[in-house]
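Q: Sequence positions in the sequence shown follow my numbering and run 126 to 261.
These are calculated hints, taken from the structure and not from any lab test.
Heads up, a few of these hints could be off.
Straight-line C-alpha distance at most 35 Å; calculated DSBU-like pairs for lysine-lysine [said to hold, decoys possible]:
#1 215 <-> 198
#2 159 <-> 194
#3 167 <-> 190
#4 163 <-> 181
#5 206 <-> 194
#6 203 <-> 215
#7 206 <-> 233
#8 215 <-> 233
#9 181 <-> 203
#10 194 <-> 215
#11 207 <-> 190
#12 167 <-> 198
#13 190 <-> 215
#14 167 <-> 215
#15 181 <-> 167
Okay, the calculated beta carbon distance ranges per label pair [stated by the list, open to error]:
#16 171 <-> 193: 41 to 51 Å
#17 170 <-> 210: 35 to 45 Å
#18 200 <-> 175: 41 to 51 Å
#19 240 <-> 171: 40 to 50 Å
#20 211 <-> 166: 43 to 53 Å
#21 219 <-> 175: 47 to 57 Å
#22 165 <-> 235: 29 to 39 Å
#23 166 <-> 215: 52 to 62 Å
#24 193 <-> 232: 34 to 44 Å
#25 240 <-> 189: 36 to 46 Å
#26 245 <-> 172: 43 to 53 Å
All values reported here derive from a predicted model rather than from experimental measurement.
Each residue gets a CB set at the ideal place from its N, CA and C atoms; glycine is no exception.
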Amino acid sequence: QAQNYSIEDKAHAEDDKFGRRERYCGPTSDFKEKDSYKPNVKLDYIDDNGHVLCAKEAFRYLSHKFHGKGPGKNKVEKRMKKGEQEVLMKQMSSTDTPLGTLNMLQAKQRETQSAYVVLSGSKQLHQAASISKTKL
């Protein structure tokens with residue numbers, strides 16, 4: 126038995142580098158893109174105060190954070206003014222004018238129980254259905 130024994134025969138099973146390679150380098154199938162795959166991704170950018178930012182504002186915010194510097198004085202004032210305008214817009218009624226004309230018109234229609242209100246004309250003929258603002 127010792128005459129037919131060689132070191133290469135013994136190490137052949139353990140050190141077969143081509144045999145181990147087949148597990149990772151075998152024939153591969155082509156990657157097929159899924160046509161019906163539609164990712165549902167929505168990114169929301171929010172600053173420290175909880176305000177929602179657009180992509181441009183978010184990039185600017187991230188840049189200021191990264192470099193350790195803040196925006197300039199004018200930009201801070203501009204942003205504050207923009208925030209105040211948004212608050213005023215939310216408080217404003219979307220159905221009436223700032224002077225409350227629609228509310229006055231509806232109140233006058235309830236008083237007279239008519240579907241119309243005469244806005245111009247002689248005061249003597251249509252005094253009951255006219256609408257006017259009085260100074261207090």
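Q: Give a verdict on every hint.
A: Now the hints, each set against the structure:
1. 215 <-> 198: 26 Å, holds
2. 159 <-> 194: Roughly 44 Å between the alpha carbons, so the hint for residue 159 and residue 194 is violated.
3. 167 <-> 190: 23 Å, holds
4. 163 <-> 181: Status holds; Cα separation ~25 Å.
5. 206 <-> 194: 21 Å, holds
6. 203 <-> 215: 19 Å, holds
7. 206 <-> 233: Distance ~38 Å between residue 206 and residue 233 Cα, so the pair is violated.
8. 215 <-> 233: 27 Å, holds
9. 181 <-> 203: Holds. Residue 181 to residue 203 sits at ~16 Å (cutoff 35 Å).
10. 194 <-> 215: 32 Å, holds
11. 207 <-> 190: 21 Å, holds
12. 167 <-> 198: 32 Å, holds
13. 190 <-> 215: Between residue 190 and residue 215 the Cα gap is close to 30 Å, so the pair holds against 35 Å.
14. 167 <-> 215: 25 Å, holds
15. 181 <-> 167: Distance of about 16 Å is within 35 Å: holds.
16. 171 <-> 193: 41 to 51 Å: 20 Å, violated
17. 170 <-> 210: 35 to 45 Å: Taking Cβ atoms as reference, residue 170 and residue 210 lie about 20 Å apart, which means the hint is violated.
18. 200 <-> 175: 41 to 51 Å: Given a distance of about 19 Å, which is not inside 41 to 51 Å, the answer is violated.
19. 240 <-> 171: 40 to 50 Å: 49 Å Cβ-Cβ, so the 40 to 50 Å window holds.
20. 211 <-> 166: 43 to 53 Å: 27 Å, violated
21. 219 <-> 175: 47 to 57 Å: 24 Å, violated
22. 165 <-> 235: 29 to 39 Å: Distance hint for residue 165, residue 235 is violated at roughly 49 Å.
23. 166 <-> 215: 52 to 62 Å: 29 Å, violated
24. 193 <-> 232: 34 to 44 Å: Hint violated: Cβ distance 59 Å, outside 34 to 44 Å.
25. 240 <-> 189: 36 to 46 Å: 58 Å, violated
26. 245 <-> 172: 43 to 53 Å: 52 Å, holds
Checked against the numbered hints above, the structure breaks hints 2, 7, 16, 17, 18, 20, 21, 22, 23, 24, 25 and satisfies the rest.
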